[in-house]
Every structure is written in structure tokens, then in C-alpha cells.
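Protein chains in written order, with numbering that gives the first Met the number 0: chain G, 0 to 451; chain W, 0 to 222.
Derived from the structure by calculation, the hints contain no laboratory data.
In this text the structure is predicted, and so the values were computed from the model without any measurement.
A portion of the hints provided could be inaccurate.
Unchecked claim - In the SDA-like style, the derived pairs of lysine to any residue whose C-alpha atoms are separated by at most 25 Å in a straight line are:
id, chain 1, residue 1, chain 2, residue 2
1, W, K98, G, A15
2, G, K383, G, R426
3, G, K328, W, D17
4, G, K328, W, D9
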Amino acid sequence: MARIEVPMPQMGESIAEGTVSQWLKQVGDAVERDEPILEISTDKVDAEIPAPSSGTLVEIAVQEGETVEVGTIVAWIDTEGGAAAAAPAAEEPAEAAAEAAAPAAEAAPPAAAAPAASSGGADESAEDRLRTRSTPVVRKIAAEHGVSIDDVPGTGHAGRVTKQDILDFIEGGAPAPAAKPTPAPAAPAAKPAAPAVGGAGMWETFYKDVQHPEYPVRAADSVEPMDKIRRLTAEHMVLAKRVAPHVHSFIEVDFSAIDKVRTAMKPKWAAQGAKVSYTAFVAWAVSRVLHEFPMIISAVSGNNVIYRGNVNLGMAVDLNPGLIVPVVKDADHLSLVGVGNKIVDLASRARDRKLMPDEIQGATFSITNPGVLGTLVGLPVIPKGTSAILGLGSIEKRVVVVTDPVTGADSMAIRKRCLFSLGYDHRIVDGADSARFLARLKELLEDFPEDA
Amino acid sequence: MTRRSLEVLDVGVMSYGDALALQNDRVPLRRAGEVQDTLILVEHPHVLTMGSSTDPAHILVDEAERERLGIELHAVGRGGDVTYHGPGQLVGYPILDLKPDRKDLHRYLRDLEEVLMRVAESYGVDAERSENGTGVWTARGKLAAIGVRVSSGWITSHGIALNVRTDLGFFDTIVPCGIPDGGVTSLERELGQAPEGHEVRSRFVEHFCAVFGHEIPVAGPTI
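Model the full structure from these sequences, guided by the hints.
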């Protein structure tokens with residue numbers, strides 16, 4: 000009978016004992032390898048202990064509430080009584096001992112773990128090695144490309160093959176700098192995998208991976224690594240442009256009505272300490288008209304379109320250097336003053352680097368305003384996962400021809416005007432949709448309600 | 000070596016039961032490698048939770064009084080004695096895979112303490128470990144409590160509770176973590192005024208990432 004010992008595991012260098020807090024399995028129960036069979040507690044920590052092997056729990060040696068030293072046998076598992084064990088019976092005791100000790104052995108540097116494994120090394124199945132050396136993602140990629148993980152040099156913990164390793168390997172490029180020298184057969188082996196890149200893997204790479212080409216450095220140049228925000232921005236821009244076919248449409252908006260509201264409300268807002276910028280007016284108006292244009296606030300996802308239920312406005316903030324896009328969540332539920340104050344709050348915390356991660360996620364439409372720096376208008380990039388972005392140009396006094404509504408006579412007037420550009424994903428937004436959206440937005444802004 | 004990424008779920012006010020369900024959903028996903036290391040940040044309504052080593056005598060209110068005060072009671076599978084959670088307390092539940100670099104429960108606890116001490120220090124509050132047990136103390140009392148669970152595959156759950164502007168009166172309903180006369184304190188009590196909640200969360204995330212070697216999460220669409 001193959002009885003395997005289950006010892007109290009070493010859960011930390013300075014942990015000498017543990018208390019059995021609960022048996023999750025009882026004597027006679029069938030257990031699967033890696034299935035939790037008991038819980039132990041050591042001062043502030045509860046931990047689940049998995050079965051070292053499949054079989055039947057045949058004896059419990061330490062009862063709930065008892066405290067025993069690390070290494071004390073707490074139970075026995077009979078591997079013949081339960082589900083068939085993976086390895087031949089004769090090897091089981093050795094294997095079990097190695098595995099039961101695993102928590103301790105693996106905590107030690109890889110070098111120490113290796114000799115322990117080597118006793119059964121020759122018998123270790125290829126499958127076992129794959130499991131210990133790679134993650135499910137890596138195995139999936141390997142399977143997709145018909146690559147054997149054994150051929151891939153691993154740079155990860157204890158020589159594990161990381162996702163980057165396998166992607167590098169499939170690309171046929173050099174492994175990461177720290178990697179061991181690629182065995183000679185590796186490169187030819189990678190070649191047959193290349194055609195597979197034409198399949199699902201190619202799209203995975205196309206939609207997710209970004210690598211910036213490198214250029215020679217000249218004597219007078221200086222080289223600095225990109226900081227985190229720059230790196231993410233660079234990657235995002237490449238992907239955003241790669242995925243969405245961009246089209247841009249323009250409209251010119253008259254800000255006279257908005258100025259009228261601003262002038263009228265100024266004393267009241269000053270008393271409230273409210274801050275309502277031109278951008279806030281636009282954001283408020285956008286949030287009110289977006290519901291009429293579901294395709295503008297959508298995302299192409301596979302062969303589906305996700306129509307977003309929340310008007311979450313990403314507002315581009317210049318960090319100089321750098322750019323971050325905090326999100327005004329559910330802007331359609333906020334008043335004009337509410338939108339204005341929220342923009343000021345997010346922008347100032349963005350500059351102080353005090354934003355919470357969830358405050359820069361979940362945008363369903365974005366607004367960017369390069370006009371504040373004097374730009375006439377821009378062609379903004381549509382953030383990945385959304386279908387449109389509105390760019391505001393500078394608000395300037397221009398000479399325009401106005402028609403008297405009563406007499407029909409034309410005359411020249413000086414008006415504050417601003418060019419808007421809408422960047423949209425032509426997969427889901429048609430030119431006419433964009434035109435209707437911009438016209439509707441212009442209409443609302445040029446007849447701005449006084450009670451917004 | 001690239002730093003690992005951390006997903007922060009800042010869920011705001013959430014009942015203890017719902018937050019527990021959220022953790023229980025995440026743990027198997029983390030084990031299967033389907034999600035990244037996760038840090039759940041939450042604020043609970045009044046609740047007492049009993050860890051596996053709770054002495055019932057450490058709950059000082061009877062059921063009627065507890066209900067009158069609107070305090071829930073939960074028995075949970077984490078280490079430690081009874082503790083109180085409530086408004087004004089930053090609760091953090093890291094769902095981490097400890098396998099790659101810290102398969103040592105004590106080290107994990109010390110690292111959580113380190114994060115809490117650094118957050119306190121960033122406000123000029125001197126907080127230290129204590130021989131009395133896991134957690135972080137100032138001269139006035141216990142500032143933060145820790146109780147964690149490690150599920151099979153070295154996946155963590157449960158975590159820390161930092162008193163920011165907690166109504167410390169509610170701790171009178173228990174013997175905190177089984178240590179009588181320990182006293183409790185909050186950042187508000189230490190500083191004379193309560194720091195902004197979002198700022199504390201943001202500093203916590205920052206120091207958490209520094210101690211555990213995660214990249215500070217900056218994500219979402221940039222233009």
C-alpha cells in the first residue's frame with residue numbers, strides 16, 4: 000500500500016509550528032492532488048494545505064486545535080485507494096516526500112531546489128517539467144505555435160520560460176539580454192513556427208504588442224529611458240492608431256451664447272467658489288448629446304459593438320512633460336458647475352500625481368483641448384477601446400458673416416469662435432453620424448441653456 | 000527585471016460580505032493566472048469580524064447591543080482575533096501570488112507592516128511594529144491591524160485595516176486583536192485632523208508597490 004505522509008509544511012523561515020484549524024477532508028474522503036485538505040493557522044495567518052498527491056485520506060494524526068512543529072506528520076494519504084496517481088506506484092513515496100517538502104525547498108534559492116529534484120529528475124515527466132517551468136499563458140502560446148517549451152531558454156524565476164521568452168523565441172529574435180545563449184538548434188526550430196504567426200498569434204501580437212524600432216545615437220545626443228507615463232502613452236498611441244481607422248471631421252462653433260451665460264453667472268459662481276471653464280461647457284454639452292449617438296460612445300469588440308451605458312469623459316491633462324487622461328464619471332448626471340469643479344479637481348490632482356488608478360480608467364468618450372495653448376485645431380488619436388474623441392481648437396475672435404433673422408440682411412460681426420475636430424473610428428462611426436453629432440453639439444452650445 | 004503589475008480595485012464603500020465575495024472570486028482567478036496581482040481597497044460599514052483564533056470573550060457587546068449599534072458580525076477564515084471595521088478606515092485586501100518571490104508568511108506580514116509604517120511616516124506619524132503581535136502601533140495605540148489568509152498555491156486574501164478617521168469609540172466593543180489595554184489610534188488622532196481619504200489610498204498604493212515590487216499602476220486611455 001502506498002501511503003504518503005502529509006507533514007506540517009514550512010510556511011516561512013521563522014515559522015516553527017502551526018495549528019491545525021480545520022480539516023477540510025475527513026478520513027475515507029477521496030482527495031485530488033493540490034486540492035486543499037486542511038487549514039492551518041500561524042499567528043496572524045490562515046493557510047490552506049493542499050494534498051501532495053491524489054488518493055484517499057486514510058489517517059489523520061493531528062486533530063483540530065492541536066499545534067505541532069513543522070515537519071510533524073499530520074495525515075496519511077493512500078494513493079491506491081483513490082483516483083489513479085499520476086506516477087507509477089513504486090516512485091510515489093519519493094515523489095511525495097519531495098513535494099511535501101516543496102514549500103520549504105522552493106522558498107530556498109533555485110540552486111538548492113535543484114538537487115532535491117534531481118533524485119527523481121530522470122523520471123520526471125516532460126509534462127511535469129512543463130508545468131513547473133511555465134505559466135498557462137506561456138503553454139497556450141507554445142501550443143498555438145507548435146513550439147516545445149523545452150526548446151525555449153527561460154529567463155524567469157528558476158529558469159522558467161516567461162511570456163516574453165516565448166514571444167521572443169517565436170519571433171526568431173534574440174532572447175532577452177540576460178538569457179542563456181540560445182542553443183544552436185533553437186533558431187532553425189523557430190523557423191517552422193513562423194508560419195503559425197499568420198494565425199491567431201499574429202492578431203494577438205498585432206493588437207497587443209508594441210516594439211519601438213531603435214536608432215543609432217550620435218555623438219552630441221543624449222539618451223534617457225522613457226518614464227512610465229511616456230512609455231504607456233507611446234504604446235497606447237501605436238496600438239490606438241494601429242487598431243482604429245481614424246477619420247476626422249470639423250465644425251466651427253460660436254461661443255457668444257456661452258459667453259453670455261458665463262457673464263451672467265460669474266458673480267454667483269464666484270460666491271460658490273465654482274470654476275467653470277470653456278472646456279466644462281463643452282464637456283457638459285457633450286454629455287447631454289451623447290445619448291442620441293450610441294455609436295459615438297461605443298467600442299468595437301471582436302465582431303460585436305459594445306454600446307456604453309455610462310458617459311465617462313476622459314479629459315486630457317497636460318502634465319508638461321507628459322499627458323494623463325482622468326475621467327469624469329457619469330458626466331451626464333452632473334450639472335454644469337459639477338462638471339466644471341470635477342475637471343478642476345481631477346486636473347489639479349493629476350498634476351500632483353495624486354490620482355487613484357480608477358480615476359484614469361473607464362473613459363467612454365474623450366475630450367482634448369490643445370486650443371488653450373493657441374493651436375488652431377488638432378487631429379487627436381482615439382483612445383483604445385473607445386470610438387471617438389473631440390478636439391477643441393483655440394477660442395478666438397473672428398470676423399464672421401451674420402444674417403439678421405428679421406431683415407435677412409448680411410453683415411460682418413466679430414464673434415468668439417472655435418474649431419472642433421472629432422476623431423472617430425470609421426469601423427463603427429460613419430461620416431454622416433459624425434456630422435450629425437457635431438451639428439447637434441454646435442446647436443446646443445450656440446443656444447446654451449441658462450440653467451445648465 | 001520588469002516589475003509586476005498590480006490591478007487596484009478601489010471599490011469605495013462595500014459591505015463586508017460583498018467584499019469577501021469579491022475576494023473569493025479573485026483568488027481562484029489569480030491562482031489560474033487569469034488575473035494579475037490585485038489590491039482591493041474598500042471601506043466597510045460597521046462590522047466585527049472574528050478570525051480563526053478569536054476568543055468569544057474578546058467581543059464585549061452582547062447581540063442586542065451590537066444590533067442597536069448597527070454592527071454586523073462575521074466569522075471569517077483569516078488569521079487573527081476579532082477586529083472592527085467601519086467608516087473612515089482604509090481596508091486593503093491584496094490578492095497576490097506569493098510563489099515567485101516571497102513564499103514566507105512572516106515575510107509577507109512584515110512587508111504589509113512596512114507598507115503601513117511608510118504610509119504613516121509620509122504623514123509624519125511615527126508608527127512601529129510591536130512585540131505584542133502583528134500590526135502597526137504609534138505611541139498612542141494601534142494604528143493598523145493585519146489578518147491574512149493564504150490559499151493553496153500561495154494566493155493571499157484578507158489583509159490590512161488602517162484607521163484614517165475611524166470613530167475609535169467602536170473599538171470599545173471588542174478587545175482589539177485580543178490585546179487588552181493596547182488602545183487604538185487613527186491618523187486623524189495622530190495629526191489632529193483627518194487626511195483626505197483618496198490621498199491616503201493613493202499613498203498606500205504607492206508604498207505597497209514600492210515594498211512588493213509592483214509597477215505603480217498608471218493605466219487607462221491616454222491620448
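Verification of the supplied hints:
About 20 Å separates the Cα atoms of K98/W and A15/G, which keeps this hinted pair within 25 Å; it holds. A hinted pair counts as satisfied when its Cα atoms are at most 25 Å apart, and K383/G with R426/G qualifies at roughly 13 Å. Between K328/G and D17/W the alpha-carbon distance is near 23 Å, which keeps this suggested pair within the 25 Å criterion. Note on K328/G and D9/W: the hinted pairing holds, with a Cα-Cα distance of about 14 Å set against a maximum of 25 Å.
Every hint, counting from the list given before, is met by this structure.
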